[in-house]
Amino acid sequence: MKELLGQIDKPGVIESSCILQGAEISVSTFVSRNHETVAKKAFSYVFQNVTKLRTKHDEAHLEIGGKRLSGFMLQDQRVLICMSDKNTNVSLVRDHIYLLKPKVEA
Amino acid sequence: MADYKILFTGSVCSGKTTAIRSLSDIETIDTDASVSDSAIRRKQKTTIAMDYGVLEMSDSARLHLYGTPGQERFRFMWQLMMSDLVHDAKALVLLVDNTRNDPFKDIKFYLDEFRDYLVQRQLIIAVTHSDQQAHPDHAYYMNELKNMGIFTTVLFIDARYPDSVLEVIKAVLAEREPSVDWDELGKRLMEHRPPVIEDQSCEASESEQQEQIEQEKKPAEIKLFNAVSLMDAAMNTRGITGAMHLGADRKVLETNISSMQNQAMLKSMVNLVSALEQKVAFLGHIDNLVLCGPEHETLSVFVEERQALGLCSEKELSLSVVKQQAMDLLQWSGE
Numbered sequence: 001m002k003e004l005l006g007q008i009d010k011p012g013v014i015e016s017s018c019i020l021q022g023a024e025i026s027v028s029t030f031v032s033r034n035h036e037t038v039a040k041k042a043f044s045y046v047f048q049n050v051t052k053l054r055t056k057h058d059e060a061h062l063e064i065g066g067k068r069l070s071g072f073m074l075q076d077q078r079v080l081i082c083m084s085d086k087n088t089n090v091s092l093v094r095d096h097i098y099l100l101k102p103k104v105e106a
Numbered sequence: 001m002a003d004y005k006i007l008f009t010g011s012v013c014s015g016k017t018t019a020i021r022s023l024s025d026i027e028t029i030d031t032d033a034s035v036s037d038s039a040i041r042r043k044q045k046t047t048i049a050m051d052y053g054v055l056e057m058s059d060s061a062r063l064h065l066y067g068t069p070g071q072e073r074f075r076f077m078w079q080l081m082m083s084d085l086v087h088d089a090k091a092l093v094l095l096v097d098n099t100r101n102d103p104f105k106d107i108k109f110y111l112d113e114f115r116d117y118l119v120q121r122q123l124i125i126a127v128t129h130s131d132q133q134a135h136p137d138h139a140y141y142m143n144e145l146k147n148m149g150i151f152t153t154v155l156f157i158d159a160r161y162p163d164s165v166l167e168v169i170k171a172v173l174a175e176r177e178p179s180v181d182w183d184e185l186g187k188r189l190m191e192h193r194p195p196v197i198e199d200q201s202c203e204a205s206e207s208e209q210q211e212q213i214e215q216e217k218k219p220a221e222i223k224l225f226n227a228v229s230l231m232d233a234a235m236n237t238r239g240i241t242g243a244m245h246l247g248a249d250r251k252v253l254e255t256n257i258s259s260m261q262n263q264a265m266l267k268s269m270v271n272l273v274s275a276l277e278q279k280v281a282f283l284g285h286i287d288n289l290v291l292c293g294p295e296h297e298t299l300s301v302f303v304e305e306r307q308a309l310g311l312c313s314e315k316e317l318s319l320s321v322v323k324q325q326a327m328d329l330l331q332w333s334g335e
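Chains A and B, in that order, are what the protein sequence lines are. The opening residue of the first sequence carries number 1 in the UniProt record's numbering; numbering runs sequentially from there. The opening residue of the second sequence carries number 1 in the UniProt record's numbering; numbering runs sequentially from there.
Don't take each hint at face value.
Label pairs and their computed distance ranges (CB to CB) [as the list claims (entries may be wrong)]:
#: 1; chain 1: B; residue 1: H87; chain 2: A; residue 2: L74; range: 44 to 50 Å
#: 2; chain 1: A; residue 1: L74; chain 2: B; residue 2: S229; range: 37 to 43 Å
#: 3; chain 1: A; residue 1: L99; chain 2: B; residue 2: N271; range: 30 to 36 Å
With a cut-off of at most 30 Å between alpha-carbon atoms, the simulated DSS-like pairs for lysine-lysine come out as follows [said to hold, decoys possible]:
#: 4; chain 1: A; residue 1: K41; chain 2: B; residue 2: K251
#: 5; chain 1: A; residue 1: K56; chain 2: B; residue 2: K267
#: 6; chain 1: B; residue 1: K323; chain 2: B; residue 2: K267
#: 7; chain 1: B; residue 1: K108; chain 2: B; residue 2: K90
#: 8; chain 1: B; residue 1: K267; chain 2: B; residue 2: K105
#: 9; chain 1: B; residue 1: K315; chain 2: A; residue 2: K10
#: 10; chain 1: B; residue 1: K146; chain 2: A; residue 2: K86
#: 11; chain 1: A; residue 1: K56; chain 2: B; residue 2: K279
#: 12; chain 1: A; residue 1: K67; chain 2: B; residue 2: K315
#: 13; chain 1: B; residue 1: K90; chain 2: B; residue 2: K146
#: 14; chain 1: A; residue 1: K52; chain 2: A; residue 2: K67
#: 15; chain 1: B; residue 1: K105; chain 2: A; residue 2: K67
#: 16; chain 1: A; residue 1: K101; chain 2: A; residue 2: K41
#: 17; chain 1: A; residue 1: K67; chain 2: B; residue 2: K323
To spell it out: a stretch of chain B is covered by chain A in this simulated footprint if at least three of its residues, at any positions, have a beta carbon under 8 Å from a beta carbon of chain A; those stretches are [said to hold, decoys possible]:
#: 18; stretch: 269-276
#: 19; stretch: 280-287
#: 20; stretch: 292-299
#: 21; stretch: 317-330
Note that these hints are calculated values from the structure, not bench results. Note that CB positions come from ideal geometry on N, CA and C, so glycine has one too.
Please put together the full structure from these sequences, using the hints given.
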C-alpha cells in the first residue's frame, strides 16, 4: 500500500498522502506529523457527520496555512487523504486522485 | 505623433471604467453587462471584456487607455490584452479599492497575475474610494508594500475627477514625453469635462444623478454600499443556492438556507473550523473547508478573523469559482 501511496504523491501536485481507516492512519507518506494529525481529526469528524446526517458528500478540502488537505472517501469507508500546496489548482489534485482511486480501492 | 498605451487593472468597482471615462477625449468603448455575481453589492453593471479611451495629450502625443474587466472569471481577457492589444504598454496602473476589507490581498493577487507583464513595465498603484474609507492611508500603504518587497509609486486618486487621474498618467509619462504641458492639459480636462458619475448613474435620470451627487457629499463614515446585503449578494451569484453569515465568534448572524440537512452540516463544519482555529493556530490560518460529492450540493465555509461565510452551491460550480466569489463577498462585507 505504501508503494501505491508513492504513486499518488506527485511533484507539483500532491506532496504526501495517507489512508485513514476508522479513526487511525493505517499507512502514510506524510513528513509533517502535525498536518497528518489535523487531517486525521478533521476528516474523521467531517465524514462521521456526513454519515450521521445522511448526505452523499464524499470529498472534503481544508485549506490551512500554505497547505490544502484533501480527503476522498473510498468505497470501503476508508478515507484517502492527501496534502498539496494551497496554490496548486484543486482540479489537478482531484483529477489525479480520481485516476488512481480505483487502484487504491482494489 | 507619439502613441502611448497604459493598462488599468484592479478589482471590480475599483474605478477602472470611471478613470478611463474621466480622461478620454472620445466616447469610451466599454462592454458593460448586468452583474450576475457578488459584485451586485456595489453596482448593477460591470465590464465583461475591456474599456478603451483616448487622450490627446498634445499636438504630438496621444495616449490610449485600456481597462481590463475586474472579475477573475474574465481572466482570459487579461491574457489576451497582455499578449496582444497592450503588449507594448508603458505601464500597468493597479487601482485598489480602499473600501475592500483587505486591499493588500488584492494587491498581492494582481501582482501575482501580472508578474511577467510587469517585468518591463512601470507599476503605479492608484488607491481609490479613500473618500469613503480613509484607512489605510498613504504611509500605511508605503510601509506594507515595503514589507512585501514592493517599491513603487502609490497615489491616492478620485477616479471621477480628470485632474486626479491625470496625476497617474503624469507619473508614467512626464519624463518620457516633453511635449505635454501637464497644467494646461489638466485645466482643459476639468473645464470641458464634469466629474464622471459612476456605475448605475450612467443609466440614471437627472434627479437620480443629483441625489447621487448629494449622497457623495455626505460624511465618509456613512456606508454607501449597504443597499444590497451580503446574503442578497450571495443569492445573486450564479450557482449559489444558499448562504450563512457568521460573526467573529462563529455564531450565525443570518442564514437563508432552507435545507435543515445542509444547515446542520454547515454548522458542524463551522464547529470543526472553530476548534481547529484554537488548537492548531501554529499551522497557519484556516481559509476554508469545502465538502462536495457527485449527488449533493457543495457546502463551503470561508473564514476570516472578523467573520465567516457558509455557502451552498450547485455541484457543477467549480471549487475555484466558489472560492473566488466567497472571497469577493467577504472583501465587501460591512460590519
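Hint check:
| no. | hint | verdict |
| --- | --- | --- |
| 1 | B:H87 <-> A:L74: 44 to 50 Å | holds, 49 Å |
| 2 | A:L74 <-> B:S229: 37 to 43 Å | holds, 41 Å |
| 3 | A:L99 <-> B:N271: 30 to 36 Å | holds, 33 Å |
| 4 | A:K41 <-> B:K251 | holds, 22 Å |
| 5 | A:K56 <-> B:K267 | holds, 17 Å |
| 6 | B:K323 <-> B:K267 | holds, 18 Å |
| 7 | B:K108 <-> B:K90 | holds, 21 Å |
| 8 | B:K267 <-> B:K105 | holds, 27 Å |
| 9 | B:K315 <-> A:K10 | holds, 27 Å |
| 10 | B:K146 <-> A:K86 | holds, 25 Å |
| 11 | A:K56 <-> B:K279 | holds, 29 Å |
| 12 | A:K67 <-> B:K315 | holds, 23 Å |
| 13 | B:K90 <-> B:K146 | holds, 23 Å |
| 14 | A:K52 <-> A:K67 | holds, 28 Å |
| 15 | B:K105 <-> A:K67 | holds, 18 Å |
| 16 | A:K101 <-> A:K41 | holds, 22 Å |
| 17 | A:K67 <-> B:K323 | holds, 15 Å |
| 18 | 269-276 | holds (count 3) |
| 19 | 280-287 | holds (count 7) |
| 20 | 292-299 | holds (count 6) |
| 21 | 317-330 | holds (count 3) |
Violated hints for the displayed structure: none, as all numbered hints are satisfied.
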